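Here the protein sequences line up with chains A and B, keeping their order. Heads up: the first sequence runs through residues 1 to 432, numbered per my numbering. Heads up: the second sequence runs through residues 1 to 174, numbered per my numbering.
Honestly, the hints are just simulated from the structure, not real lab data. Since we're looking at a predicted model, the values are computed, not measured. Among these hints, one or two may not hold up.
[What the hints assert, rightly or not] Estimated spans, in silico, between C-beta atoms of each pair: (1) Gln64(A) / Gly126(B): 37 to 45 Å; (2) Glu155(A) / Leu14(B): 29 to 37 Å; (3) Leu378(A) / Gly54(B): 29 to 37 Å; (4) Val63(B) / Gly156(A): 28 to 36 Å; (5) Arg112(B) / Gly374(A): 40 to 48 Å; (6) Leu36(B) / Leu119(A): 52 to 60 Å; (7) Pro83(B) / Gln60(A): 35 to 43 Å; (8) Gly89(A) / Gly126(B): 27 to 35 Å; (9) Ala130(B) / Arg36(A): 16 to 24 Å; (10) Arg112(B) / Gly223(A): 19 to 27 Å; (11) Gly54(B) / Arg85(A): 32 to 40 Å.
[What the hints assert, rightly or not] Derived list of chain A stretches under chain B, where covered just means 3 residues or more per stretch with a C-beta under 8 Å from a C-beta of chain B: (12) 27–33; (13) 36–42; (14) 93–103; (15) 144–156; (16) 281–292.
The C-beta atom is built at its ideal place from N, Cα and C for all residues, glycine as well.
One letter stands for each residue in the lines below.
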Amino acid sequence: MIEEEPRPHQPVRWTSRAYLLVIAGGGLAAVAVALRDPVPLFAGLPLLLAPLLAAASVPQQLYQVDLDWASSGLGQDVTITGELRAKFGRHAGDVSLALPIPLGTTEVGPAEIQRGPELIRFTIRWRFAEPSIVTIPAPRIFWRDPLGLTERTLEGARPSLPLERYPPGLQHVGAMRLERTVMLPGEIRTRVAGASGDFYGLREAAPDEPPRHINWRATARTGRLLANDYQLERTGDLIVLLDTRPSALGPEVDERLLGVARAAVYGIAESLLRSKIRIGFAAFGEFLEAVPLSTGRIHRVRILRAIVGARRSDVAGPSERCALGLRRFFRPGVTTLVVSAWAGDPSFDLLPYVRRQGFPVILLSPSPLPMFVGTGGLAPEDEALAQRLERLERRTRLSDLWVHGPVVDWDDYWTLDRLVRVLRQPAHRRVS
Amino acid sequence: MNEPVLPLDRGGGLATAVLFGFTAGVFGLLGGLSVLYGPAIGVGGVAIASALRGWRPEQYRTVALAPAILALAILAATAPPVPAAELFGGLSGLAFLLWAADDPSRPSGGGRRAVPTIALASLGVGLAWAITLAVPGRAADIGLAGALLAAALVLLAVLLARLPRLTLGSTRNA
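Bound-form chain B, shown alone:
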């Protein structure tokens, strides 16, 4: 009786995988790797991750994200600091979120429902990109990165301290 646990209706995720693959491919093309390797790593990472979560959606729900994140990290670490690479780095991150929302183990239409959240995230990315364009030099970028790193560490500390739960709002019935 305790074998597979299935959600009611499952999503597809193909369209968002194609979008994410395209964005990661372009990001790879603009990056510091060769014209062949860059897009191959981007598209390959997305393809492996999509195949993994399509094969066993329930079991590899979280693990399947790892190849895509790894590909994104390799491309980002090797990319030259030019505005186009910065823009496509941000777009790849946003496409990753859209792809992650369109999970086959979840009710279908996750990508569509995640649009308001992703729109706010894209606002943040757009703002950061506008700052780097407006303020010349790399000091602003590094300052922003340092602030975000500190914020990430604080957030991680909060998450780990309150493991395994985070209660939001009232804990009593209205």
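Okay, chain A solo, but in the shape it has when bound:
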């Protein structure tokens, strides 16, 4: 049996403050010698002694701390609770945790913390300005002596913390029956209403589900209402196309808008996949990157990873390339949700090109206007007027796109009811 070589733990480091004190103390001692005056010596003596005493007080046994944390909360609010476990002893008060705050997030009140000899519990409250999907990396935990002259980074198990905040209404999108725009191979549509076709699988029962549709054995097994799903009754598929091209709004606004769009796509995908609806994902920057239509657990992991990994591209590819790329990955006819901020340039617009390739489109356009509120330095009444004019201008520009498909102007980031309404009413989606 090979014995594993013990890993050396993090060394103790001097902080810049220790250097400052030694230089100041030494300087005062030098002044005392130069002036033959003992007073500077007395003032400098504590400064010289402090680093030595701090180095002598380093706890030798405290080099590893394990972190266990989780997030909770609804909508904009995030509550992070965590526990640090180690033999802190009397040094619990000297342990700090450096936690990076995600962009667009504010702290709500001071953190609550309880320190014990073997356990430190903390609660942090944040508020997200807009929907976002972020992963908080493992924080740096360190010990620093009370005077702040020596410090040691503490090792240990540190999982990262994923935070998902998207409009709460998206959780119920999966319960919706999407229109089937593509027929299955060999399928002949019947005018007779009712259940037919081969058994496809089980799904969560809707509140108004007829008792005949309920699979009572499966319900008894799982303890929640499950209904049978048949091949011909299946809801339609959905492709989500995320536009990651740079726009005229600038990189910072682009990043924020993409963050909001990513959160919405994440919520939609998760909700639809929970209901076993086939979903495909494509991100278009300079080139098209796609995850083909599918469903299931593995597909869920694959697609959610692709959504989280979608980043703003530095170069904008032509819209034709996107449309042709879609044809390569997906069958024409599948309902396509295009998520694009659409900054106003008609050649930038994906909708006509995608539609021309045979994909019925719905545009979800996150509006940049809420991000500019209060940045113009206007008086409140002027600000309200400016907002109203900007909103009207945007609506006018977006109205040109209605010839290609339904358009959802998303200006209230914490609700997507308008999109849900469009998806729920198939008649709205049929554009001649």
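Put chain B on the given structure of chain A with help from the hints.
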């Protein structure tokens, strides 16, 4: 994501700032400057340093100490060699350490936790003051200062030679 890094709970530092300001003020009063300027420099240095670290605790954690040290140095350099000034010079240095420990960018209660370290430092100051009282003449003071200066230079050389780290104790897991 890489913007502000915040500790969990933050200290206040007001009580120790008042204590440090009072000690530095008295030290200024006993010093060689006028009755007006001495305390003003002492209290002013402490006030500027406290305001600086209270305004941006993370950014000015180290820099904020500089105005207080500078005020202390001015007062010490101009003070006459009398036992009261020597005592308050030492007390000001100790109060400075207590104030530095009560950092708003650090977990609260730093001053309280630093008491054992500061108590040992005050023992050193008390011992040095007792020596100056017991041994007449300034030769002993200057000898002590020279020894401390040499010690400071050696310590600084050790710190700089081992920049940026100083490993203490075992480097392997037990």
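For each hint, the structure was consulted:
1. Gln64(A) / Gly126(B): 37 to 45 Å: holds, 39 Å
2. Glu155(A) / Leu14(B): 29 to 37 Å: holds, 35 Å
3. Leu378(A) / Gly54(B): 29 to 37 Å: Check passed, 33 Å falls within 29 to 37 Å.
4. Val63(B) / Gly156(A): 28 to 36 Å: holds, 32 Å
5. Arg112(B) / Gly374(A): 40 to 48 Å: holds, 42 Å
6. Leu36(B) / Leu119(A): 52 to 60 Å: holds, 54 Å
7. Pro83(B) / Gln60(A): 35 to 43 Å: Given a distance of about 41 Å, which is inside 35 to 43 Å, the answer is holds.
8. Gly89(A) / Gly126(B): 27 to 35 Å: holds, 29 Å
9. Ala130(B) / Arg36(A): 16 to 24 Å: holds, 20 Å
10. Arg112(B) / Gly223(A): 19 to 27 Å: With Cβ atoms ~53 Å apart, the hint is violated.
11. Gly54(B) / Arg85(A): 32 to 40 Å: holds, 33 Å
12. 27–33: Contact hint for the segment 27–33 of chain A vs chain B: holds, 7 residues under 8 Å.
13. 36–42: holds (count 7)
14. 93–103: Holds, because 11 residues of the segment 93–103 of chain A bring their Cβ atoms closer than 8 Å to Cβ atoms of chain B.
15. 144–156: holds (count 6)
16. 281–292: violated (count 0)
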